[in-house]
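Novice: As a plain string of letters, each chain reads:
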Amino acid sequence: MADSGTRVLSVGALTRVEGEGALRLRVSGDRVTEARLSIYEPPRFFEAFLRNRRHTEPPDLTSRVCGICPVAYQTSACHAIEDACGVAVGGQLAALRRLLYCGEWIESHSLHIHLLHAPDFLGVDSALEVSRRHRAAIERGLRLKQAGNSILEVLGGRSVHPVNVRVGGFHRVPSRAELRPLAERLTRAREDALAAVAWVAAFDFPEAECRADLFALAEPGTYAIERGVPTVLPYGDGERRRAFPLADFGTHVVEEQVPYSTALQARLDGGRHLTGALARYAVSGHLLPPAVREAARAAGLPDPASGEVCRNPFRSIVVRAVEVLYAVEEALRLIACYEPPPLAAQEVTPRAGTGHGATEAPRGLLYHRYSLDRDGLVTDACLVPPTSQNQGAVEEELRRLVQERLAHGDATDAELAGLCERAIRNHDPCISCSAHFLDLTVLRERPADRPAGCSGHVDGLGPGDAQRPDDESVERDQHD
Amino acid sequence: MTGSDRPRLGVFKFASCDGCQLTLLDCEEELLPLAAELEVAHFAEASSDIRPGPYQLALVEGSVSTPEHLERIRRIRAESRHLVTIGACATAGGIQALRNSADGDAFRATVYAEPEYIESLATSTPVSAHVPVDFELRGCPIDRGQLLEVITSFLAGRRPDIPDHSVCFACKRRGTTCLPVARGIPCLGPVTHAGCGALCPAYGRGCYGCFGPSASTNMPAMIPLLRSDGMSDGDIVRFLHTYNVEDFAALEPPGALEED
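First to last, the protein sequences are chains A and B.
For what it's worth, the UniProt record's numbering labels the leading residue of the first sequence as 1, then goes sequentially.
For what it's worth, the UniProt record's numbering labels the leading residue of the second sequence as 1, then goes sequentially.
Simulated from the structure, these hints should not be mistaken for laboratory data.
Please read these numbers as outputs of a predicted model, since none were measured by experiment.
Any given hint could turn out to be false.
[To be verified] Partial chain A-side listing against chain B, Cβ under 10 Å, derived:
no., residue
1, Arg36
2, Asp60
3, Ser63
4, Phe121
5, Asp125
6, Leu142
7, Arg293
Note that beta-carbon positions come from the ideal geometry of N, C-alpha and C, so glycine has one too.
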């Protein structure tokens, strides 16, 4: 650290996330006055070009928001369009949607656990390095990922941007015989999923607490995945859960633009909230089957039926591993109960109106809303992805983590960067969803040295600078 | 892995959904053996160990979409012996190229309350519009088998064996009944580049063109065929204008379609 004046320190780039962004910390003396997550993922204007498209198109078009969770986009879009047209898809078609979604959970979570997140707990840069010491674990993770992808491939045609999903159901439904090899593969994957839970449970978890409200879908009798009612577990008052109809989503979750990011930020009833694995486990964990709950308990997670809530984001890797185990079990159950429906899709006749759809993408709640005219053309579209919802909670968590670290004495920028990157990866951010790659900038200043126009330094940035301040591009240049 | 003489691979992202990079990670069985043959020098989505160029092979995902991209793609080109674009965004501008014919200010204002903060070029363009490209791999998303073929061919110093015929060839080989002929379902197979394995028709759905145009197309014949399968001109425009909008639009005879 410099002895005088304000210093701008750039430290590294956040990697192993899906997307591009930057982190800026303002440190004044030993106080962290500001933490800003700037997302400079280039804007792609989905909500604009969805207008004047036919009501059948949003599932395929919006799947291109994210190659990691296309099924989440397809399913939320289908539900919203069907809602607008007064259709509810049920029975085996709904079961097949849940089966497809299980495939995405297994694939996306296994990718995040083994290839993106585990290196943080083992102190290395990549899964390739992890594989030198833990080759069996990485191979197991890749097998799990492949098992998830095989569901997507059989049911959807391919794992990235599946082709078989349509408004009303599917283009073609599988026979029971087509699903049988999947069941055999998933039966083997169950052992891998149990072993993965035990593997991650043995990692060291730093103490941390997310103090935001937890927000997830809830569905009676089951662990909500592809549908449910928006449900809030407030911080500090976990007993007082509240829910609201999905149609009221827009009045509770309000997106606003911040000048330093191409992603919109969302607030829930005016406060910061967190969606994703921790929130889901807190809201629905008591509904997991006994064998999965036992595996979660053995892995050190609290029993959700006791009302105790896991708020340590570092432990989200354990929750994700438990969710993989659940998704494998659930996929097996769905396949066992499967009877091919008479029609591959329900008829969906367009009409003028507005519809809402929400599902639990692997990284959190994903909401879609569409308005249609009477010919079935989209007149308005709104997508609220999980990462833009989580951004406020993650910023506050970063500010507090760094503050607590600095209370124990000064830290190098490299140490702070490492801490922040880990804290961000805990939430499996999908920045390409929210509008990707993080650079960290630490602005250090002594309180007395703070120049009068300092806050304006950020606020006054031009558009390009707002997304990637000059001092960071120098840093990025070295990396790119 | 430092100090090795293995070929150095770089994977770079521009405006995209990450799905084509993910396809590399989806090579579950080949991933660890591949990593033994290559030095993964730059792959931010998969590794924090980011090393500077030069690269033997650069795989570029995403379209050129911001002022910063213009400069970065030139630098990657300068540092790379072979540059291969992966996917519809890098090869054709991607779905975000739908903005190219739209009013950019109106587009920004639709998504962002304060559009003046958003820096974005008016157009989303393929990498080849800015720097020479050694090979373009098509698809939204790319096919895993084709990606492995591209990587191994460039490492072996030969051209990739990627046929540029239409989806119809693959569909016949797969033995799928022709959807437009048998069921009157509109299908872009006759004008779309093969590579997916003719997936959609096998699922009872007409091809929706996500690999972009094949090497030789007869669009003046295709359009009446789509009309005879019940599509309005507006629907045909929407059908063609998705993930490879600019490439298909360039093949449409001027004035042949009336947008609604």
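Novice: So, for every hint listed, does it hold in this structure?
Specialist: Structure-based check of all given hints:
Hint on Arg36 of chain A is violated. Least Cβ distance to chain B is approximately 13 Å, over the 10 Å limit. Evaluation of the Asp60 of chain A hint against chain B yields a held restraint, the C-beta minimum of about 7 Å falling below 10 Å. With 10 Å as the threshold, the beta carbon of Ser63 of chain A comes within range of chain B, its nearest partner Cβ sitting at about 8 Å, so the hint holds. Of the supplied interface hints, the one on Phe121 of chain A is violated, with its beta-carbon coming no nearer than about 13 Å to a beta-carbon of chain B, more than 10 Å.
Taken as an interface hint, Asp125 of chain A checks out: its beta carbon lies about 4 Å from the nearest beta carbon of chain B, inside 10 Å. For Leu142 of chain A, the interface hint holds, since its Cβ comes within 10 Å of a Cβ in chain B; the closest pair sits about 4 Å apart. Because the closest C-beta pair between Arg293 of chain A and chain B is about 29 Å apart, greater than 10 Å, the hint is violated.
When each numbered hint is compared with the structure, violations occur for hints 1, 4 and 7.
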